[in-house]
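Just so you know, the sequences run in chain order A and B.
The numbering used here applies: residue 1 is where the first sequence begins, and numbers increase by one.
The numbering used here applies: residue 1001 is where the second sequence begins, and numbers increase by one.
Worth flagging that the hints you see were computed from the coordinates, not collected in a lab.
Think of the CB as a built atom: it goes at the ideal place given N, C-alpha and C, for glycine as much as any other residue.
Among the hints, a few may not be true.
As the list claims (entries may be wrong) - Computed Cβ-Cβ distance ranges for the label pairs, DEER-style:
1. A:ARG79 x B:ASP1196: 33 to 43 Å
2. B:ASN1205 x A:GLN404: 44 to 54 Å
3. A:LYS8 x B:THR1152: 53 to 63 Å
Claimed, not checked - Cross-link-like lysine-lysine pairs, in silico, DSBU-like; alpha carbons within 35 Å at most:
4. A:LYS315 x A:LYS7
5. A:LYS29 x A:LYS313
6. A:LYS64 x B:LYS1163
7. A:LYS149 x B:LYS1163
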Amino acid sequence: MATIRLKKTDVVVIGLGAAGGVGVLPLAKAGLKVIGLEAGPNLDLRAYPSDEVLLAIRNGNGRKNNQEIPTWRRNSSQRATPQRQFGSMMNAVGGTTIHYNSQSWRLDPWHFVMRSRVIGRYGERMLPPGTTLENAPVTYGELERYYDKCEYAIGIAGKAGNIRGRRNPEGNVLEAPRRRDYPMPPLRYSGWQRLLQDAAFRLGWRSFRAPSAVTTETYQGRPSCSYCGFCSGIGCHSGAKSSTNVSTIPAARKTGNFKLVADARVLRIGVDNEGRANGVLYLRRGQVYFQPADVVVLSAYAWENTRLLLLSKSKAFPNGLANNHGQVGRHYFTHSGPTTFGLFPYVLNRWNGQGSQALHIDEWEADNFDHTGLGFIGGGSIDGRSEVKPIGLVRGGVPPNVPQFGSAWKAWVAANVKRVGSIGSGGGTNTIPYEQFYLDLDPNYRDSLGEPVVRVTYDYTETENRMHRFLLEKQRLWLLEAGAIQTWSTLPGPNAYGVHAYGGTRMGHNPDTSVTNRWCMAHEVPNLAVMGGSNMGFAGGHNPTLTVQALAWRTADHIVKNWKRLTA
Amino acid sequence: VLKAHSEGSERELRQRGLSRRELLRRAGILGVAATAPAGLGAQEAGAKEIVVQRAALEVLSPAEADALEAVLARLVPADALGPGAVEMGVGTYIDRALAGALKTDLASYQRNLAALDAHAQRTYGGVYARLTTAQQDTLLTQMQANTLPGFTPDARTFFNLVKEHSLQGMFGDPYWGGNKNGSGWRLIGFPGISLDIKAHDQAVNATRYRSQYRKSTYDWDQFKRKKA
Chain A
1 MATIRLKKTD VVVIGLGAAG GVGVLPLAKA GLKVIGLEAG PNLDLRAYPS
51 DEVLLAIRNG NGRKNNQEIP TWRRNSSQRA TPQRQFGSMM NAVGGTTIHY
101 NSQSWRLDPW HFVMRSRVIG RYGERMLPPG TTLENAPVTY GELERYYDKC
151 EYAIGIAGKA GNIRGRRNPE GNVLEAPRRR DYPMPPLRYS GWQRLLQDAA
201 FRLGWRSFRA PSAVTTETYQ GRPSCSYCGF CSGIGCHSGA KSSTNVSTIP
251 AARKTGNFKL VADARVLRIG VDNEGRANGV LYLRRGQVYF QPADVVVLSA
301 YAWENTRLLL LSKSKAFPNG LANNHGQVGR HYFTHSGPTT FGLFPYVLNR
351 WNGQGSQALH IDEWEADNFD HTGLGFIGGG SIDGRSEVKP IGLVRGGVPP
401 NVPQFGSAWK AWVAANVKRV GSIGSGGGTN TIPYEQFYLD LDPNYRDSLG
451 EPVVRVTYDY TETENRMHRF LLEKQRLWLL EAGAIQTWST LPGPNAYGVH
501 AYGGTRMGHN PDTSVTNRWC MAHEVPNLAV MGGSNMGFAG GHNPTLTVQA
551 LAWRTADHIV KNWKRLTA
Chain B
1001 VLKAHSEGSE RELRQRGLSR RELLRRAGIL GVAATAPAGL GAQEAGAKEI
1051 VVQRAALEVL SPAEADALEA VLARLVPADA LGPGAVEMGV GTYIDRALAG
1101 ALKTDLASYQ RNLAALDAHA QRTYGGVYAR LTTAQQDTLL TQMQANTLPG
1151 FTPDARTFFN LVKEHSLQGM FGDPYWGGNK NGSGWRLIGF PGISLDIKAH
1201 DQAVNATRYR SQYRKSTYDW DQFKRKKA
């Protein structure tokens, strides 16, 4: 069947999730004609039943992701194999913001300049061996206005702890200054969080509630969250969760400049004779189309961003698009989530609530404490959450001293599982990139279209293990102070499949160590933009999504302001 | 409605002159006593023999289902605390899942249940389902400790697979064939599905909930769908 060549558009966006789903709004608002291609369908609110088996375990709304699970190995001498049956990324308009936990953080200013700040305070030797960590080519100060735009356009609920230097202990007093408060008040406290709040107070730790991409009052015509307990890994049945498919994407459509094409699986990015991107080739219901465009935006998550670049080979780019410096796929790392469990003499009722309904402590995040002699840099927030679904709780919530089967197991579970609490660093800890870890195309495994899947080469080093042990101990102290009578945890293994993936198309000033520039435009391809965590060579001890979204907005702004130069 | 292969085996069994009880059991009517003949938890707790209807099998053979349910009956036994994994419908959950979403695990179940039966036969002179509960527990403990040979890729991996699927069957939505009438949720105190949770329901030590709960998410009009 012949490829159908479509009419040229200003901008074509590949992937309408956390990043692309935000990036289309400023582009369309500025009057550019934007076409958004999404590999998954456009789902409605009936697609998210409170079904842990179908959605949280079998990833029932992530069909594309399920059949292209990356392979994984710890180092480049091993043979990588697929480790999982089901993925964790959504494939639908809105992407993984549909089923994300929805905590929406600004990172600490320290994370953007981690390298120089670590050297400045502790000396060069404090940098872990083999790390490729660089200062980000953007600062918190530059990103602040984009964080603010995102918080209002997406709809974030929270309490500011620092408005232009005025601190409020109801929010996070350790956060960087912001221009104004969140558009909605935070989610309510659960009983579990009240218990933890009292304990934190006794420990002298400053606790506060997480900022959440969810409504706590009517916002953008969406009802407020009903705390149903089936949110994270599921999706929102009422539209209360501020996923991009109910917030920024409808706003983009309202401009009349944005056309959404669902079920459109992009196969390649096209390149002309001068080495400029000239459009994308995609498959939709058995037909192949070529969509020409002046600017191409790649926003399909770290794995697919990397894979599409590596697959899009041409005369100008024999090793994959934007890869003449061999940087595509490098500096890959993922977040970790060390967790400690505790058994309480109370029924905790953590079953229900919203995924980001959580009480946090930032005392052990960023450089908020002295790292001298600790053997790691950064740290992570620690938090107690609600919304614990039944299978997940029983799977993780039985201590190692209890028999793993039989009447003894059953009796323990029946009496105690509802009394099990946990404190985790679920938003992620301050992991960093290393020379030896990267993404490439797997030589042995292919997806249902016959394309090679991504191969992940990733592991934790002793540095990450030291950080995890440190945080597990803080988590344990909090649980004990809150009344836990027994605690347990395991040191986390490498989370090669994280939904918080970083790198692959790192942003930076130097084309020898990065793929995109400070605006997330490819160094080698002036009219190719990349949006997503793949740009980030740095992480914080919090969920990355709002930072990904602020960066996407900033890139879109850059495209608008420099349209003539970029398309000349 | 019984599946074709069940009917086939019924004819075979008749030809081999097996008892009506055995026939019913293989065809899908399952006595608890028949699955685990000795020292059964339910009997120890003074319960009468409960006859459980085994749903028509999707992909497992009756022999495989016998072995699987015997494993499930020891993983989570019926006892004074109430129904065990078998009575909660975990066998049905796994069989249906292996016919659909978990079909890549079917070969593992077939191969490893056969390995378990072969091992039981060699060691104790009978298939796993026919052993005493003490013998069954010994073999399960060895599987968990990864000291039983003949499994693919190894015994512990298969033990963990069955355990994970048992948790899904016991504590997942009843729609998928397990957690019969919310029996798994009742065991752990999970109140069920509600689309609107009140603050009171999130209070520590609250045991009388104010929200309207349902036994399945598909009981809510918004999510109504046809039978799995």
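Hints, verified against the model:
Look at ARG79 (chain A) against ASP1196 (chain B): about 50 Å separates their beta carbons, and that is not inside 33 to 43 Å. The hinted window of 44 to 54 Å between ASN1205 (chain B) and GLN404 (chain A) is violated, with their beta carbons roughly 28 Å apart. For the hinted restraint 53 to 63 Å between LYS8 (chain A) and THR1152 (chain B), the CB-CB distance of approximately 55 Å keeps it satisfied. Distance restraint check for LYS315 (chain A) and LYS7 (chain A): the Cα-Cα separation of roughly 25 Å lies within the 35 Å cut-off, and the hinted pair is therefore satisfied.
For the given pair, LYS29 (chain A) sits about 33 Å from LYS313 (chain A) by alpha-carbon distance, which is consistent with the 35 Å threshold. Between LYS64 (chain A) and LYS1163 (chain B), the direct Cα distance comes to roughly 28 Å. Compliance with the 35 Å bound is thereby established for this hinted pair. A hinted pair counts as satisfied when its Cα atoms are at most 35 Å apart, and LYS149 (chain A) with LYS1163 (chain B) does not qualify at roughly 47 Å.
When each numbered hint is compared with the structure, violations occur for hints 1, 2 and 7.
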